[in-house]
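Engineer: Letter by letter, the chains look like this.
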Amino acid sequence: MSAKTRVPTAINGGPYGQAWSAKADCLQSVTGLILGIFLLFHMHFEASILLGKETFFHMVQFLEGSMFSSTDHGFPIVTKIISVIMLVIVAVHAATALRRFPTQLGQWRAMRGFMSSIKHKDTQLWFWQMITGFLLFFLVSAHLATMILNPEIGPHLSAERVYHDNAWLLYVVFLPIVLFHGIVGLYRVILKWGVSSNRPLIRTIAHVLIVYLLCLGTLSLVTYINIGMELVLPVQPFIPN
Amino acid sequence: MKLIYTDSLVIGAGLAGLRVAIATKERGLDTLVLSLIPAKRSHSAAAQGGMQASLGNTVKGMGDNEDVHFQDTVKGSDWGCDQDVARMFTHCAPKAIRELTNWGVPWSRISAGPREVIMNAQKVTLNEAEEAHGLINARDFGGTKKWRTCYTADGTGHSLLYAVDNQAISMGIPVHERIEALSLIHDGKRCHGVIARCLITGELRAYVAKSTTIATGGYGKIYEISTNATICEGIGQALALDTGVATLGNMEAVQFHPTAIVPAGILTTEGCRGDGGILRDKDGHRFMPDYEPEKKELASRDVVSRRMTEHMRKGKGVDSPYGPHLWLDITLLGREHIETNLREVKEICEYFLGIDPCKDWIPVRPTQHYSMGGVRTNATGESPQLKGLFSVGEAACWDMHGFNRLGGNSVAETVVGGMIIGKYVADFCEQNSLEIDTALTQKCIDKLQAEIDHLIDGDGKENPFEIKIEMQRIMMNYVGIFRNGPELEKSIKELKALLVRSKNLGLKCKKRHSNPELVEALRVSRMLRVALTVACGAAARTESRGAHSREDYPQRNDKDWLNRTLATWPDAESLEPVLRYEALDVMKMELPPGYRGYGNDNTIPHPDTEKRVQQINEVIASLGDNPDRHTLQHALMPFELPSHLQPRNERLTDTLKTMPSQPVGNKPL
Amino acid sequence: MSRQISFNIFRYDPQDGQDKPKMERYQLTETPGMTVFIALNQLREQQDPSLQFDFVCRAGICGSCAMVINGFPTLACRTLTANYPDGEITLMPLPGFELIGDLSVNTGKFMRELAERLKLWLHPKADDHDMHRLENPMAPEEAARIYELERCVECGVCVSACATKQMRETFVGAVGMMKIARFEMDSRDARTADDFYHVIGNQDGVFGCMTLLGCQDNCPKDLPHMQQIAYLRRKMAATIL
Chain H
1 MSAKTRVPTA INGGPYGQAW SAKADCLQSV TGLILGIFLL FHMHFEASIL
51 LGKETFFHMV QFLEGSMFSS TDHGFPIVTK IISVIMLVIV AVHAATALRR
101 FPTQLGQWRA MRGFMSSIKH KDTQLWFWQM ITGFLLFFLV SAHLATMILN
151 PEIGPHLSAE RVYHDNAWLL YVVFLPIVLF HGIVGLYRVI LKWGVSSNRP
201 LIRTIAHVLI VYLLCLGTLS LVTYINIGME LVLPVQPFIP N
Chain S
1 MKLIYTDSLV IGAGLAGLRV AIATKERGLD TLVLSLIPAK RSHSAAAQGG
51 MQASLGNTVK GMGDNEDVHF QDTVKGSDWG CDQDVARMFT HCAPKAIREL
101 TNWGVPWSRI SAGPREVIMN AQKVTLNEAE EAHGLINARD FGGTKKWRTC
151 YTADGTGHSL LYAVDNQAIS MGIPVHERIE ALSLIHDGKR CHGVIARCLI
201 TGELRAYVAK STTIATGGYG KIYEISTNAT ICEGIGQALA LDTGVATLGN
251 MEAVQFHPTA IVPAGILTTE GCRGDGGILR DKDGHRFMPD YEPEKKELAS
301 RDVVSRRMTE HMRKGKGVDS PYGPHLWLDI TLLGREHIET NLREVKEICE
351 YFLGIDPCKD WIPVRPTQHY SMGGVRTNAT GESPQLKGLF SVGEAACWDM
401 HGFNRLGGNS VAETVVGGMI IGKYVADFCE QNSLEIDTAL TQKCIDKLQA
451 EIDHLIDGDG KENPFEIKIE MQRIMMNYVG IFRNGPELEK SIKELKALLV
501 RSKNLGLKCK KRHSNPELVE ALRVSRMLRV ALTVACGAAA RTESRGAHSR
551 EDYPQRNDKD WLNRTLATWP DAESLEPVLR YEALDVMKME LPPGYRGYGN
601 DNTIPHPDTE KRVQQINEVI ASLGDNPDRH TLQHALMPFE LPSHLQPRNE
651 RLTDTLKTMP SQPVGNKPL
Chain C
1 MSRQISFNIF RYDPQDGQDK PKMERYQLTE TPGMTVFIAL NQLREQQDPS
51 LQFDFVCRAG ICGSCAMVIN GFPTLACRTL TANYPDGEIT LMPLPGFELI
101 GDLSVNTGKF MRELAERLKL WLHPKADDHD MHRLENPMAP EEAARIYELE
151 RCVECGVCVS ACATKQMRET FVGAVGMMKI ARFEMDSRDA RTADDFYHVI
201 GNQDGVFGCM TLLGCQDNCP KDLPHMQQIA YLRRKMAATI L
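Chains H, S and C are the protein sequences, given in the same order. Here the first sequence is numbered in full-length UniProt numbering, starting from 1 and rising by one per residue. Here the second sequence is numbered in full-length UniProt numbering, starting from 1 and rising by one per residue. Here the third sequence is numbered in full-length UniProt numbering, starting from 1 and rising by one per residue.
Excised from the complex, chain H in its bound form (with noise of 0.2 Å):
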């Protein structure tokens, strides 16, 4: 009467064996986690600009590695390989995500034939992720590539690639959408492996970082488009004083 012998290929079935579904499923769990923290810093770091381009210059030349330079000046390479790896983590995510999506037709139609009939709001919040799941893979594809050819980060530079470059088009899109996917990714994994169960204070939690991450990423970039309208071409990059 012991179940150790593997029960009918019913519920192991599929191409995948066990094991793989134990793991693609932490691999997602992780990676999402990795990204939605990398999130809230990387929110936080480019806000510094609101700080005056001082600190936003002191910042970037920090997280660049400028304590091991003589120069004071970081290393952009640091960038454009935290990029490789950021690409790296996101492709594992985006591939690890998929096998949530419904991929025949007629998932496609059983979800959208439930969300007609059911109404229950954390499943039609999945839906929304799912949605910004997959615009976020060009969308975040566009910003690594970004970085990764051209990593120059500073308080002209940047502001130059956001206004002279119009990457702000990017940006306004970018911004709402990675933060919800984000926000609401850590609210779900937290949830996932239980470490926490008190869902109505994570929920609470979940709304405010969104809307306080939102109103930061929004002034950021009008401070950036107020200093590229200001920049005279070609740009020099900040000196600081």
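One or more of the hints may lead you astray.
What the hints assert, rightly or not - In silico DSS-like links for lysine-lysine, alpha-carbon gap of 25 Å or less:
(1) C:K125 - S:K510
(2) C:K22 - S:K511
(3) S:K511 - C:K109
(4) C:K109 - S:K2
(5) S:K559 - S:K588
(6) H:K23 - C:K235
(7) C:K235 - C:K125
Just so you know, the hints here were simulated from the structure itself, not pulled from any lab data.
Knowing the structure of chain H, use the given hints to seat chains S and C on it.
Structural biologist: Structure of chains S and C alone, referenced to chain H:
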């Protein structure tokens, strides 16, 4: 003709039916269960409060044993039960509890040390023994000397049913769901199975079996307001009655539970009162001590229900659009207790009444609850008239309840009865061969087919729903808690008129497959025959015993009525059953008729009672000083049981070298 | 005080080749304390005797009567019509189950198959206890914890409220995982984490669940799905790490 063969056929997948199925499957017999609904939805799941078994683990249960449980059960039955059966039952109840533990029931367990309980509206601290820690707990129920009702919060029936059905699934016992058995295949001497209709496809099937066990529960739904599920319509009893041969026993013995909510008629468990809840009237006065100073709210169910009705008749009920009701007050138990041990009650109050029972009183009144009567069987569960026909649980009149059942004894009967009778069913299947009489089977199928054809193609005009509602109203108004001759006669007259009308049913929905109107039409005439059996039995029994209470005959009359009503319906065209009576032999009773302990003792004694009491005294004297209780019991009334169920039950007190010290305030053992 | 209320009821008889799914409208006079159970029976008795639905205990205990009421799957027997101030009530059968007709679905068949597939019964340890002897003790807290999970009534609401299940036929659904959690918790059960891993440690079990929480949000018995499934997921993930 679709024929399905099996060894052991069980009708009804509640606790009793499943337990019999398990017993026969264990013996390697091919077993098949028919059910109107998925097994886990059976009405057994609705039993809330608990199951009686004399484990004696808790400090308030210590000193309990089979003898005490037996005496409570016999007294509870108002001496109407079969004492042999009550003995078989009380002996096996602890075994059933322990077996169920091995099947997964998470019985509530004892925590050693002090715990606060409410007794007689006072807080009392009980001190549980160290040695009892983790053993099965028990709560107090009405009509019992000891705390004996084992429970899992207030979802006992649910936990039991799930455990037993899981066991059945693990053994691969098939349950044919949404199948309704509508007639028995029999030749007047031997039962060969049933003709059943699939409620989805409408197909008629013959299930041919060595043994057929009716485990379909009670017939509460012949009443308008009942705590019973919608499926407890007495079709199992009708199956037996319609043979014209098999007898139904004590059909007039119908129990009314004191505390069903108003107006929905949904049960709140006796555990509410067992755990310390009290009853109040419109002035907020706790009235039960005025009537029953000793037992108060925990008198036997029939007594509490009658006292409540009496009190409401004095104008002390709370008026509501649905008639008067009283209050059940469990606020004194405290939120923590209610939210852990009375969760289902709390949910019911919230959803159906919109109240919080931790703060508010619950509107309750006595409501039809249990059918003591049913298919008459002997102690092995077999019909004395039809060989191969067995019955078990509430469906049966195995007769451990007589005229009133104790709370907690019904869940117990299902699993204990199922355990014992299942063994006898298995024996029967091993000793008999399958007899297939295709001509007889075809005849039975044709008869049912003709009945269906007549309903669908006939030109009848009567509406089955209307007739059923009318029947339920009659039973409610005239065959209720208090009964009297004129009203009973009126009920019989009106029910007969309905039975005549039911021969002229006409359906609006002509579908032959899933058709709820056809289902109703097939049931209603069967239910009417069952209802008439109840009403005629009640009219004929000119005494008051247990739940059968005649205003015009208030005395328990052992001289003329210490017997069991047996009803048959030999002539299908007749409008009433034939009643016979089977005497209960006082000279064989271990516990001769006596005073039950409620109200005045106004019993008209049986001439043999005194003789038997004297005889018992002589037996006791002959056994010398301090005879062993088992020896004494055996000397007074030896009873039979399958050999593997005969060993004695071990109790905590048997394993202890010294008895646990009794805390101050606890009554001595 | 009595008002007219309207019911929009899904009607379809899959056994009738001519029939097509449709919504039908009925009206009746509300009575005090009226539940959907009372209303449906009244409709059947007085207006349409062919109307199919399932009720057994009509007290919220047996789990027979789950259906989708105005977009929320729940037990119909204990749903008061007074909960709908506009007097409009739409009834749909539970999605995800075989339809018998109108509002009646075959949850019983589903649950039995699930129990057989996942072996949802107690697998006692070898020292099977003698029923004539004193029972083995169990911690009172453990018994109470098991009962918490035992309260499941197999109504099917969690299955119908789960978008994952709707998109993935073979997914075991919350009911299956909760029952596994119940036996995993039971010290009398002989199965180990490895045994359970073989049954639900896969894409059709805990690693297929997307934590949409339709189960928990609609469960009529308020079972702690989120917490229990998270617990199982951690436990199952740990077995491969």
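Engineer: When the hints from earlier in the document are held up against this structure, which numbers fail?
Structural biologist: 1
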